Amino acid sequence: MSKVIVVTSGKGGVGKTTTSASFSSGLALRGNKTVVIDFDVGLRNLDLIMGCERRVVYDIINVINGEVTLKQALIKDKNCDNLYILPASQTRDKDALNLEGVERILNELKESFDCIVCDSPAGIESGAFTAMYFADEALVVTNPEVSSVRDSDRILGILAAKSKRAVDGLDPVKEHLLITRYDPKRVEAGEMLSVTDIQEILRIPLIGVIPESESVLQASNAGTPAIHLDKSDVAEAYRDVVGRFMGDERLPMRFVTVEKKSFLKRLLGGR
Amino acid sequence: MAHAEPAFKLKIANLSLFVLYVNTTDMAQLKNQLDTRVNKTHNFFSNTPVALDLSAIANSNISPDFADLMSFMLDHGMHATGVIGGSTEQREAAVQSGLGLFPDTIVKPAIKTAPVPTTAPSITPNAEKNNQPELPELGLTIDTNNNNVLDSDTQRQNPVSQVPPTFRPTMIINKPVRTGQRIYAEGSNLVVLGVVNAGAELIADGDIHIYAPLRGRAIAGAQGNENARIFVHSLEAELISVAGCFKVFENGIPENLRGKPVQVHLNGSDLIIQPLLS
Numbered sequence: 000m001s002k003v004i005v006v007t008s009g010k011g012g013v014g015k016t017t018t019s020a021s022f023s024s025g026l027a028l029r030g031n032k033t034v035v036i037d038f039d040v041g042l043r044n045l046d047l048i049m050g051c052e053r054r055v056v057y058d059i060i061n062v063i064n065g066e067v068t069l070k071q072a073l074i075k076d077k078n079c080d081n082l083y084i085l086p087a088s089q090t091r092d093k094d095a096l097n098l099e100g101v102e103r104i105l106n107e108l109k110e111s112f113d114c115i116v117c118d119s120p121a122g123i124e125s126g127a128f129t130a131m132y133f134a135d136e137a138l139v140v141t142n143p144e145v146s147s148v149r150d151s152d153r154i155l156g157i158l159a160a161k162s163k164r165a166v167d168g169l170d171p172v173k174e175h176l177l178i179t180r181y182d183p184k185r186v187e188a189g190e191m192l193s194v195t196d197i198q199e200i201l202r203i204p205l206i207g208v209i210p211e212s213e214s215v216l217q218a219s220n221a222g223t224p225a226i227h228l229d230k231s232d233v234a235e236a237y238r239d240v241v242g243r244f245m246g247d248e249r250l251p252m253r254f255v256t257v258e259k260k261s262f263l264k265r266l267l268g269g270r
Numbered sequence: 000m001a002h003a004e005p006a007f008k009l010k011i012a013n014l015s016l017f018v019l020y021v022n023t024t025d026m027a028q029l030k031n032q033l034d035t036r037v038n039k040t041h042n043f044f045s046n047t048p049v050a051l052d053l054s055a056i057a058n059s060n061i062s063p064d065f066a067d068l069m070s071f072m073l074d075h076g077m078h079a080t081g082v083i084g085g086s087t088e089q090r091e092a093a094v095q096s097g098l099g100l101f102p103d104t105i106v107k108p109a110i111k112t113a114p115v116p117t118t119a120p121s122i123t124p125n126a127e128k129n130n131q132p133e134l135p136e137l138g139l140t141i142d143t144n145n146n147n148v149l150d151s152d153t154q155r156q157n158p159v160s161q162v163p164p165t166f167r168p169t170m171i172i173n174k175p176v177r178t179g180q181r182i183y184a185e186g187s188n189l190v191v192l193g194v195v196n197a198g199a200e201l202i203a204d205g206d207i208h209i210y211a212p213l214r215g216r217a218i219a220g221a222q223g224n225e226n227a228r229i230f231v232h233s234l235e236a237e238l239i240s241v242a243g244c245f246k247v248f249e250n251g252i253p254e255n256l257r258g259k260p261v262q263v264h265l266n267g268s269d270l271i272i273q274p275l276l277s
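In order, the protein sequence lines correspond to chains A and B.
0 is the number of the first residue of the first sequence in numbering that gives the first Met the number 0; add one for each residue after it.
0 is the number of the first residue of the second sequence in numbering that gives the first Met the number 0; add one for each residue after it.
Please keep in mind that the hints were generated in silico from the structure rather than gathered at the bench.
The structure presented is a predicted model; accordingly, all values stated were derived computationally and were not measured.
From the three backbone atoms N, C-alpha and C, an ideal C-beta is built for every residue, glycine too.
Hints may be right or wrong, so weigh each one.
Stated by the list, open to error - Chain B is nowhere near these chain A residues, computed Cβ spacing over 12 Å in every case:
| # | residue |
| --- | --- |
| 1 | N64 |
| 2 | L205 |
| 3 | S219 |
| 4 | M252 |
Unchecked claim - Pair by pair, the computed Cβ-Cβ distance ranges are:
| # | chain 1 | residue 1 | chain 2 | residue 2 | range |
| --- | --- | --- | --- | --- | --- |
| 5 | A | E248 | B | A3 | 55 to 61 Å |
| 6 | A | E258 | B | Q222 | 54 to 60 Å |
| 7 | B | E185 | A | N106 | 47 to 53 Å |
| 8 | B | N250 | A | K75 | 56 to 62 Å |
| 9 | A | E52 | B | P253 | 53 to 59 Å |
| 10 | B | G186 | A | D92 | 55 to 61 Å |
| 11 | B | G186 | A | V67 | 51 to 57 Å |
| 12 | A | L169 | B | Q222 | 45 to 51 Å |
| 13 | A | A165 | B | Q222 | 36 to 42 Å |
| 14 | A | E248 | B | P253 | 25 to 31 Å |
| 15 | A | G189 | B | L275 | 28 to 34 Å |
Please work from the sequences and hints to get the whole structure.
This is the structure in structure tokens:
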């Protein structure tokens, strides 16, 4: 049974696309046939982060309008065999995305894919709404600051009230909290909300904490999803998220406390 | 043979009932005063069943013209149903006119209960408030409350509210109420079991109970019910309001109330927030 997973947040710049790229890659690495769809029509970014921007010929709007087949528009990922990307249109406006068209595409994708990851645009406008409407599960990406938490709360309210599952009276969309750009040092200094603070407000299960890291920016610029980085805590954290999503609940929650540097490391001036 | 569905049930119901205390046998005087009284509160009665209490005229050997009184009352929206007390002759005359008889014996209730505020005030023109005859306790409870007597010289503020309100069940929300969501319990109370986050809004025409932190807004008595209250398990609210009287917490919630179980109610025009004793 294939799953539609929306990566959403309300607020912009919290790491939705980064998460979509790494999460879908992680699912594919674990053997799931996965497709990741960019719903940010007009501001497409996913193809850049996935490093396939030069291979984009057709996009989701072409498919919705019936100009090309789904097969023609899907781009195979360069890193994972099981992963495909359906890019957004850069030249159309977001009204071209309609629910009927998206449903048709999702139903067609469900026939051949296990996981369908929808990268939502920021905001709560039609693009974000369309991205979340058909979701079975949701990764709610939140930064440890009040405005991001507030926006996530809003998105959770919309998911609970207006998603297809809510409208049809089915089981509610399964919600997962993903905290990104987490800096335990600043949390300890009282400059950031802690995991507990965020959970106290949002009250949904935590699927992972991604630490703040410079390597995310480098990976984005290089067009490689952060999960592929070597010896990176971000990559480790995303792998944990995928593991938990696949049902491995024993994985300990890492990167939530300040790591004590060993005496030797301090002596050698390691980072 | 198949069991027939029971065609009826016979039960004793405790209903509120209007009682017209007849203090005089002078029907012209009674009709005159009743007319004045009922015209002041127009539309108050509409085919409303009313019992006639004859205790005050039981010693008189005159029987009122019940048929005439009944048709007069009917013109004023009052449906005379039966008589309480009165002499044997008066009660016979009442039966002749098609009225029922409430039992004449005074049965004291086993347990004295405190007077219950009634929705059915009695109408006693020129009667002393404290001079009410004892009422027999009947299968049909006839509520009287001396504090609530409608004298011919007192004006009820809101006669419409005396009509039994249509009952709406309490609205119960068992999920978190998130920012941007607004819940309105129209004409009823509201119970919320999940957290109410900042930017969320609860509105009820009745009371609001929140068995979780309240971080958003709670507006009770939205249509002006000044008796509405808010009960919160943990007060962290942005705004609370009862019957349009509101409080915001610009400088934070006072230490003794923050995060505590509290109740909010209106005292005059003051919004009172009280810690709930645990």
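Tested hints:
1. Once the 12 Å rule is applied to beta carbons, N64 of chain A is consistent with being away from chain B; the minimum gap is 33 Å.
2. Every CB of chain B lies more than 12 Å from the CB of L205 of chain A, the least distance being 15 Å, so the non-interface label holds.
3. Residue placement check: S219 of chain A keeps its beta carbon more than 12 Å from all beta carbons of chain B (closest about 29 Å).
4. At the 12 Å boundary, the C-beta of M252 of chain A stays outside the reach of chain B, the nearest C-beta of that chain being 22 Å off.
5. Between E248 of chain A and A3 of chain B the C-beta distance comes to about 60 Å, which sits within the given range of 55 to 61 Å.
6. Distance hint check: the CB atoms of E258 of chain A and Q222 of chain B are about 57 Å apart, consistent with the given range 54 to 60 Å.
7. Between E185 of chain B and N106 of chain A the beta carbon distance is about 39 Å. The supplied range of 47 to 53 Å is therefore violated.
8. At roughly 59 Å, the beta-carbon separation of N250 of chain B and K75 of chain A lies within the given 56 to 62 Å, and the hint holds.
9. One distance hint, 53 to 59 Å for the beta-carbon pair E52 of chain A and P253 of chain B, holds here, with the actual separation near 56 Å.
10. The hinted window of 55 to 61 Å between G186 of chain B and D92 of chain A is violated, with their beta carbons roughly 44 Å apart.
11. Hint check: G186 of chain B to V67 of chain A, Cβ distance near 55 Å, so the stated range 51 to 57 Å holds.
12. At about 36 Å, the beta-carbon gap between L169 of chain A and Q222 of chain B misses the expected band of 45 to 51 Å.
13. Taking 36 to 42 Å as the suggested C-beta distance range, the pair A165 of chain A and Q222 of chain B does not conform, at roughly 29 Å.
14. For the hinted restraint 25 to 31 Å between E248 of chain A and P253 of chain B, the CB-CB distance of approximately 42 Å leaves it violated.
15. Between G189 of chain A and L275 of chain B the C-beta distance comes to about 31 Å, which sits within the given range of 28 to 34 Å.
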